[in-house]
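What follows is the residue order along each chain.
2 protein chains.
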Amino acid sequence: MAGTDRTQAPTLGGPRVVLIEPQLSENVGAVARAMLNCGLDRMSLVNPREGWPNSKAYAMASGATEVLEAAQVFATVEEAVADVSVLYATTARPRELTVRVLTPREAAADMRAVQARGEKVGVLFGPERSGMTNDHIALADTVISVPLNPAYSSLNLAQAVLLVAYEWFTAADETPADTLSMSGTRLAEKQELIGLFDRLETELDDGGFFRAPDLRPTIMRNLQSMLQRGRLTEQEVRTFHGMISALTRSWQHTQNAKRRRELEGDKSAD
Amino acid sequence: MAGTDRTQAPTLGGPRVVLIEPQLSENVGAVARAMLNCGLDRMSLVNPREGWPNSKAYAMASGATEVLEAAQVFATVEEAVADVSVLYATTARPRELTVRVLTPREAAADMRAVQARGEKVGVLFGPERSGMTNDHIALADTVISVPLNPAYSSLNLAQAVLLVAYEWFTAADETPADTLSMSGTRLAEKQELIGLFDRLETELDDGGFFRAPDLRPTIMRNLQSMLQRGRLTEQEVRTFHGMISALTRSWQHTQNAKRRRELEGDKSAD
Numbered sequence: 001m002a003g004t005d006r007t008q009a010p011t012l013g014g015p016r017v018v019l020i021e022p023q024l025s026e027n028v029g030a031v032a033r034a035m036l037n038c039g040l041d042r043m044s045l046v047n048p049r050e051g052w053p054n055s056k057a058y059a060m061a062s063g064a065t066e067v068l069e070a071a072q073v074f075a076t077v078e079e080a081v082a083d084v085s086v087l088y089a090t091t092a093r094p095r096e097l098t099v100r101v102l103t104p105r106e107a108a109a110d111m112r113a114v115q116a117r118g119e120k121v122g123v124l125f126g127p128e129r130s131g132m133t134n135d136h137i138a139l140a141d142t143v144i145s146v147p148l149n150p151a152y153s154s155l156n157l158a159q160a161v162l163l164v165a166y167e168w169f170t171a172a173d174e175t176p177a178d179t180l181s182m183s184g185t186r187l188a189e190k191q192e193l194i195g196l197f198d199r200l201e202t203e204l205d206d207g208g209f210f211r212a213p214d215l216r217p218t219i220m221r222n223l224q225s226m227l228q229r230g231r232l233t234e235q236e237v238r239t240f241h242g243m244i245s246a247l248t249r250s251w252q253h254t255q256n257a258k259r260r261r262e263l264e265g266d267k268s269a270d
Numbered sequence: 271m272a273g274t275d276r277t278q279a280p281t282l283g284g285p286r287v288v289l290i291e292p293q294l295s296e297n298v299g300a301v302a303r304a305m306l307n308c309g310l311d312r313m314s315l316v317n318p319r320e321g322w323p324n325s326k327a328y329a330m331a332s333g334a335t336e337v338l339e340a341a342q343v344f345a346t347v348e349e350a351v352a353d354v355s356v357l358y359a360t361t362a363r364p365r366e367l368t369v370r371v372l373t374p375r376e377a378a379a380d381m382r383a384v385q386a387r388g389e390k391v392g393v394l395f396g397p398e399r400s401g402m403t404n405d406h407i408a409l410a411d412t413v414i415s416v417p418l419n420p421a422y423s424s425l426n427l428a429q430a431v432l433l434v435a436y437e438w439f440t441a442a443d444e445t446p447a448d449t450l451s452m453s454g455t456r457l458a459e460k461q462e463l464i465g466l467f468d469r470l471e472t473e474l475d476d477g478g479f480f481r482a483p484d485l486r487p488t489i490m491r492n493l494q495s496m497l498q499r500g501r502l503t504e505q506e507v508r509t510f511h512g513m514i515s516a517l518t519r520s521w522q523h524t525q526n527a528k529r530r531r532e533l534e535g536d537k538s539a540d
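Residue numbers (our numbering), protein chains in the order written: chain G, 1 to 270; chain R, 271 to 540.
Hint data in this document are derived by calculation from the structure and do not stem from the laboratory.
All residues carry an ideal CB built from backbone N, CA and C; glycine is no exception.
Heads up, some of the hints might be wrong.
Unchecked claim - Partner residues are not named here, just some residues of chain R that face chain G (Cβ under 8 Å, in silico):
no.	residue
1	Gly309
2	Glu366
3	Val369
4	Val371
5	Ala447
Could you build the full structure based on these sequences and the hints that come with them?
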């Protein structure tokens, strides 16, 4: 799903993503990609195992290099979050600690409220294999835990970042949930549809479609309902008129041919 | 984020994920992992480029082998969706076609409504590089388009599947959005908190904390508010009592030591 439109102004900012001791640079690159898709561009790396910068991260970032270029590197988590006012830690299950736990969706609303007050937000992600320690969780104000299949919960690092970042993005996104995508046309107006239904009824009648006249209103209502469910565009109503013309011509053509054959038969029988 | 609990009954079923001509088997494995995290286990492969089954897919599935084992392989998209009643196509932007477009969240609600009627749901995902063709989109009833950063929209195949599957899962998930995770304790009751505040006020008074007596009610209300914001547990109230005891002992200890030194000073001055 590649739909980048470079003419669009980037939607950036948002919480700082703090990766604690990431083991593989490829994963750092995949995180950058996940982040930028959702308009996040601030990444901090705490003691990355393979050093920094690293070409393998760039190879996996699929063009999200601006996130990697701006990444800050720290020796400790404490230094990485020094200027953060509200810190979240992502983990599957907080153990032993008494801590507030939010879904990513609730956390997104929470973070946006914090940022609206002008306070800095950070989100901690633990190392790939070992995950978050209780020391890291204790440093955070709130835990984010992604609800997943209880019998199989195994997100990789970039997937965990993607879900948190996606909720951050969609929390303020105004894309209509349900739209009809059209190019160079518009929905048909009622008068256009009524005109189509009237013509269809006439042509069907001429073709002997209504064998039981008392069922005619019911049948027409059903056809009307079927065609309206499709939410026809003005262009499609015109196409439909064209189809009716072609089909009636086809019928006339067949009738004419039949009549011609009959006439020819009459002649040959003379 | 690994939180698999094998004792939990799996939450399975849901829409069939149809991958059209996936190029890399690693991606098929990553898709299986994304799916099972969100309780989806029905995968169909249309003409996978590297053949099927493939060990590289298993290596990337991180234990989600049951999805790969059950995967069905077809030669054409038409065969893969033959028994599907409502078909969705995921794409960044529908081109030219007039088609209904849903966000993943709206699509999840839509799919659950369809499945509740007992009808089969399928979701098409195009090949990694080329994406969905208009022929595939025309086969679908509805398009799913993920709202993303307009200046950088570049999900990989498994990420696109993850977001659709995650919305499917969360549409019926009942995890509370905001909870306090506690182990072996409970929230403190008001009587316990009031007892703590009363003792704190007494001890602070003894320590000369309230220098301006007229501000005492305000200061106590602020302290009360600060401590209540933390939503203390019963265990933490007891811990707090312990801290007060230790701090007052510490003060007494210091006072006693000071008095001892004074007495000793008096003696040595004799």
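A quick look at each hint next to the structure:
{"no.": "1", "hint": "Gly309", "in the structure": "holds (4 Å)"}
{"no.": "2", "hint": "Glu366", "in the structure": "holds (6 Å)"}
{"no.": "3", "hint": "Val369", "in the structure": "holds (6 Å)"}
{"no.": "4", "hint": "Val371", "in the structure": "holds (5 Å)"}
{"no.": "5", "hint": "Ala447", "in the structure": "holds (4 Å)"}
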